[in-house]
Amino acid sequence: MAGKEGQVPKSGAREWLMVVLGSLMTFFFSFYFYGWASLQALLEEDGVYAEVCQVEDSVQGSCAERTSRMILLFTVCNLVTVLSLALLGLLVDRLGPARLSLVGGTFQAGGLLLLASTPSTPSTAMQAMHSPFDGYVLAFGFIGVGGAALTVQAMKLPFVVPPRHFALVMTLLNCLVDSSSVAPLGLYRLYLAGLSRFSIFAGYGAACLLLSLCLAFCWWGRPEAILRALNAEELRAAEPVEPVEPVQPAEPAEPVEPAKPAEQEVNLKAPEGPGTRPRLHGLTLWQQIWSLEFAVAAIFLTTQFFRSSAYLGINKDWLASLGDDETENTFAQLFTGLLPASTLLVPLFNLSFARGGFAFTFGLVMILGFVWGLVVLVPWLQLQVVAFSAFTVFRGLLFAVFFTFVGHSFGNRTFSKMTSACFLLSAGMSWLIWPLADLSRSLTDGSDGFALFNLFMLALSLPSVFMTYLLAKHLRQYPAGDICVCPGPKTKAEGEAKEANAAKGAKEPCASWSTLEYAYF
Numbered sequence: 001m002a003g004k005e006g007q008v009p010k011s012g013a014r015e016w017l018m019v020v021l022g023s024l025m026t027f028f029f030s031f032y033f034y035g036w037a038s039l040q041a042l043l044e045e046d047g048v049y050a051e052v053c054q055v056e057d058s059v060q061g062s063c064a065e066r067t068s069r070m071i072l073l074f075t076v077c078n079l080v081t082v083l084s085l086a087l088l089g090l091l092v093d094r095l096g097p098a099r100l101s102l103v104g105g106t107f108q109a110g111g112l113l114l115l116a117s118t119p120s121t122p123s124t125a126m127q128a129m130h131s132p133f134d135g136y137v138l139a140f141g142f143i144g145v146g147g148a149a150l151t152v153q154a155m156k157l158p159f160v161v162p163p164r165h166f167a168l169v170m171t172l173l174n175c176l177v178d179s180s181s182v183a184p185l186g187l188y189r190l191y192l193a194g195l196s197r198f199s200i201f202a203g204y205g206a207a208c209l210l211l212s213l214c215l216a217f218c219w220w221g222r223p224e225a226i227l228r229a230l231n232a233e234e235l236r237a238a239e240p241v242e243p244v245e246p247v248q249p250a251e252p253a254e255p256v257e258p259a260k261p262a263e264q265e266v267n268l269k270a271p272e273g274p275g276t277r278p279r280l281h282g283l284t285l286w287q288q289i290w291s292l293e294f295a296v297a298a299i300f301l302t303t304q305f306f307r308s309s310a311y312l313g314i315n316k317d318w319l320a321s322l323g324d325d326e327t328e329n330t331f332a333q334l335f336t337g338l339l340p341a342s343t344l345l346v347p348l349f350n351l352s353f354a355r356g357g358f359a360f361t362f363g364l365v366m367i368l369g370f371v372w373g374l375v376v377l378v379p380w381l382q383l384q385v386v387a388f389s390a391f392t393v394f395r396g397l398l399f400a401v402f403f404t405f406v407g408h409s410f411g412n413r414t415f416s417k418m419t420s421a422c423f424l425l426s427a428g429m430s431w432l433i434w435p436l437a438d439l440s441r442s443l444t445d446g447s448d449g450f451a452l453f454n455l456f457m458l459a460l461s462l463p464s465v466f467m468t469y470l471l472a473k474h475l476r477q478y479p480a481g482d483i484c485v486c487p488g489p490k491t492k493a494e495g496e497a498k499e500a501n502a503a504k505g506a507k508e509p510c511a512s513w514s515t516l517e518y519a520y521f
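Numbering of the sequence shown is given in full-length UniProt numbering, commencing with residue 1 and proceeding in unit increments.
Think of the hints as simulated: they come from the structure by calculation, not from any bench. Only a predicted model underlies this, so the values are computations on that prediction, with no experimental measurement involved. Be careful, since some hints might not be right.
[Said to hold, decoys possible] Derived Cβ-Cβ restraints for the label pairs, each shown as a range:
{"id": "1", "residue 1": "E224", "residue 2": "A50", "range": "47 to 57 Å"}
{"id": "2", "residue 1": "F466", "residue 2": "W380", "range": "13 to 23 Å"}
{"id": "3", "residue 1": "L195", "residue 2": "T327", "range": "19 to 29 Å"}
For each residue, glycine too, the CB sits at the ideal point set by N, CA and C.
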């Protein structure tokens with residue numbers, strides 16, 4: 001099944017079927033809770049936490065305590081998701097994607113069943129016992145674990161397809177993770193059509209469990225063998241770095257010396273110089289962590305993931321403070337409906353990688369982040385549509401460039417562990433959404449209750465801008481770490497030759513996808 005020993009088995013129709021099935025699973029059941037605006041509207045209209053509101057709050061149409069509890073629910077689910085991503089990323093190579101698919105489907109289905117069966121108001125018996133149990137908190141905790149498990153296994157799918165399609169499949173899956181946020185809008189419309197909360201969430205959970213079983217069955221066999229073979233290949237590729245060749249210059253044997261550098265440059269991945277592979281492939285986890293690539297990935301994810309998650313968590317209440325309640329949550333539904341639009345831009349995202357590379361794409365993410373960050377500072381309901389559009393592209397491209405960058409820079413062998421380390425650092429900020437939102441509302445009154453929070457989120461862009469600048473300089477020195485199909489020179493001599501040709505007016509054809517050295521994936 002694995003072919004010749006030492007070779008990576010070839011991908012076939014089965015692996016592409018897995019990509020299709022994994023894409024469906026990712027779209028419907030990964031991070032759908034991020035469509036919080038519609039999900040919150042469904043829960044509130046079903047009477048969840050209505051008992052905490054005073055009579056005067058009901059008359060005025062607002063309830064600060066209920067708003068606080070809803071943001072708390074979102075914060076709990078987001079924090080559990082981020083922590084689970086970190087933990088399961090460390091365990092995916094030990095458990096395998098097949099088992100992780102089963103874990104994700106089971107937790108996700110369990111959370112949805114709890115969400116379906118938990119009563120809108122506490123029972124009389126529980127009120128008499130003063131029970132602290134909150135079925136909604138537990139439900140969203142389960143949903144966070146399940147969504148994280150399904151996402152981690154989905155991020156292994158790009159490694160089992162032909163290497164030239166790696167960036168495309170990784171980008172597609174990340175856009176589908178983001179697009180899953182539209183699912184609550186469909187559930188909300190079903191609720192408005194007359195279906196009960198129980199029938200909606202119970203049926204959704206059953207479908208999740210069935211699909212996860214099918215995906216787990218597909219993972220066993222050749223797909224997992226491909227991942228094991230890739231790990232072994234990366235370890236073998238690192239072996240030429242260990243013998244210290246530069247010790248030989250004492251003997252001036254000229255016929256032997258010229259052949260060594262040329263042979264060595266093909267396999268060079270050590271931090272000392274550039275090569276045809278990303279320099280960190282095959283190195284130890286500790287060596288990879290002490291790198292600029294990891295610093296860029298960690299800082300970018302920590303700050304920008306917090307920004308996007310916080311915006312999703314407060315958006316429904318932010319729009320309500322601008323008058324969206326009077327339009328029957330029209331703008332909240334529009335926002336949720338626009339979230340999957342980034343999937344339509346996958347070809348453009350792929351073009352950004354191909355022609356601009358990582359630094360250009362990270363910079364594009366920052367520009368989009370500035371646009372929606374500035375628009376939300378203006379308390380004008382109709383203008384928020386501009387923020388919706390910019391945010392949709394921002395979030396889709398954010399995940400696409402992050403996971404593609406980590407996969408390309410570190411390789412399959414440590415991809416999950418490096419991703420886990422980044423999400424573990426991100427968890428340090430994720431829990432701040434609820435307290436910072438409450439603090440902002442307590443310091444400001446009226447429709448600008450989230451103004452300070454929005455300003456803080458915009459300021460979080462500055463560290464990522466600086467890291468993008470450092471990455472651009474770094475990739476000019478180590479161009480093999482970029483994914484651009486028009487890479488810069490790989491050696492100083494090659495760079496001088498290209499400059500000389502450019503001075504003469506000579507134009508060099510751009511490389512195509514087929515010429516890229518992706519054998520290391």
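Evaluation of the provided hints:
A beta carbon spacing of about 48 Å between E224 and A50 agrees with the range 47 to 57 Å that was offered as a hint. Judged by the Cβ atoms, the range 13 to 23 Å given for F466 and W380 is violated: they are separated by roughly 31 Å. With their beta carbons about 23 Å apart, L195 and T327 fall inside the hinted range of 19 to 29 Å.
The earlier numbered hint that this structure contradicts is number 2, and it is the only one.
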